[in-house]
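Going by the working numbering, the first residue of the sequence shown is number 1, and it counts up by one from there.
Because the hints were derived from the structure by calculation, they are not lab data.
We put the beta carbon where it would ideally sit given N, CA and C, even for glycine.
Hints may be right or wrong, so weigh each one.
Claimed, not checked - Ranges of calculated distance between the beta carbons of each label pair, as one might list FRET restraints:
1. 83 <-> 43: 16 to 24 Å
2. 141 <-> 100: 34 to 42 Å
3. 26 <-> 67: 18 to 26 Å
4. 102 <-> 43: 13 to 21 Å
5. 79 <-> 32: 18 to 26 Å
6. 72 <-> 135: 26 to 34 Å
7. 101 <-> 25: 21 to 29 Å
8. 35 <-> 97: 43 to 51 Å
9. 73 <-> 25: 37 to 45 Å
10. 43 <-> 86: 17 to 25 Å
11. 114 <-> 77: 15 to 23 Å
12. 75 <-> 149: 17 to 25 Å
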Amino acid sequence: MVRGVKLFAVLAVSVLLITGCGGEKTLTCTNSEENSGMKMDQEVTMTFKDDKVTYVKMSIDNEATDDTIIDNWDMFVSMLDSQFEETEKDGVSLKTNNNKDKHTYNVSLEIDLTKASDDALAEYGLDDIADEKATYEDTKKEAEADGFTCK
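Generate the whole structure from the sequences, applying the supplied hints.
If you want it as structure tokens, here you go:
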């Protein structure tokens, strides 16, 4: 589980530190893995416009697949809630959804780079996102090298 949270942080930093190439394109990358009693499905959608990423949406769905996690669901949720504090400011929106009955927990992060302040980006370790020079294709290759399927 901790690996999943760390993977989310690494993914957020590595995949988001990007810009695109001319026109407007959308890149959607997905990944699914199961480890230590948790199934984690991730989806990252990036909109590129005028050689820059302008919008990023990430969604991570966690589902308990092991009785140990299910039996300790409240502790698991408490840990995630402390790491992913909900916010809606400065072009950054982070929301969580805990479904106790189905033992699922979703984290949704949306960043509008045309509105996000440097301070808001820095809070999530993304303060260099607007300065990167990676192309749409470079971003796609990097995500696929990290185990994502992109289209």
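Verdict for residue 75, residue 149 (Cβ pair) under range 17 to 25 Å: violated (32 Å)
Consistency of beta-carbon spacing, residue 25 to residue 73, with hint 37 to 45 Å: holds (39 Å)
C-beta pair residue 102, residue 43: status relative to the range 13 to 21 Å that was hinted: Holds: the Cβ-Cβ distance is about 18 Å, inside 13 to 21 Å.
Distance restraint evaluation - residue 83, residue 43, Cβ atoms, bounds 16 to 24 Å: Holds, at about 19 Å.
Whether the CB-CB distance between residue 101 and residue 25 falls inside 21 to 29 Å: violated (39 Å)
Assessment of proposed distance window 18 to 26 Å (beta carbons of residue 79, residue 32): holds (22 Å)
Cβ distance range 18 to 26 Å for residue 26 and residue 67, holds or violated: Roughly 39 Å apart at Cβ, these two residues miss the hinted range, so it is violated.
Consistency of beta-carbon spacing, residue 100 to residue 141, with hint 34 to 42 Å: holds (39 Å)
Residue 72 versus residue 135 beta-carbon gap, inside 26 to 34 Å or not: Once the Cβ atoms are compared, 44 Å apart, the range 26 to 34 Å for residue 135 and residue 72 is violated.
Beta-carbon spacing of residue 35 to residue 97 - inside the hinted bounds 43 to 51 Å or not: violated (21 Å)
Outcome of range test on Cβ distance (residue 114, residue 77; 15 to 23 Å): violated (33 Å)
Range hint 17 to 25 Å (beta carbons of residue 43 and residue 86) holds or violated: 19 Å Cβ-Cβ, so the 17 to 25 Å window holds.
The structure fails hints 3, 6, 7, 8, 11 and 12 (numbered hints given earlier, in ascending order).
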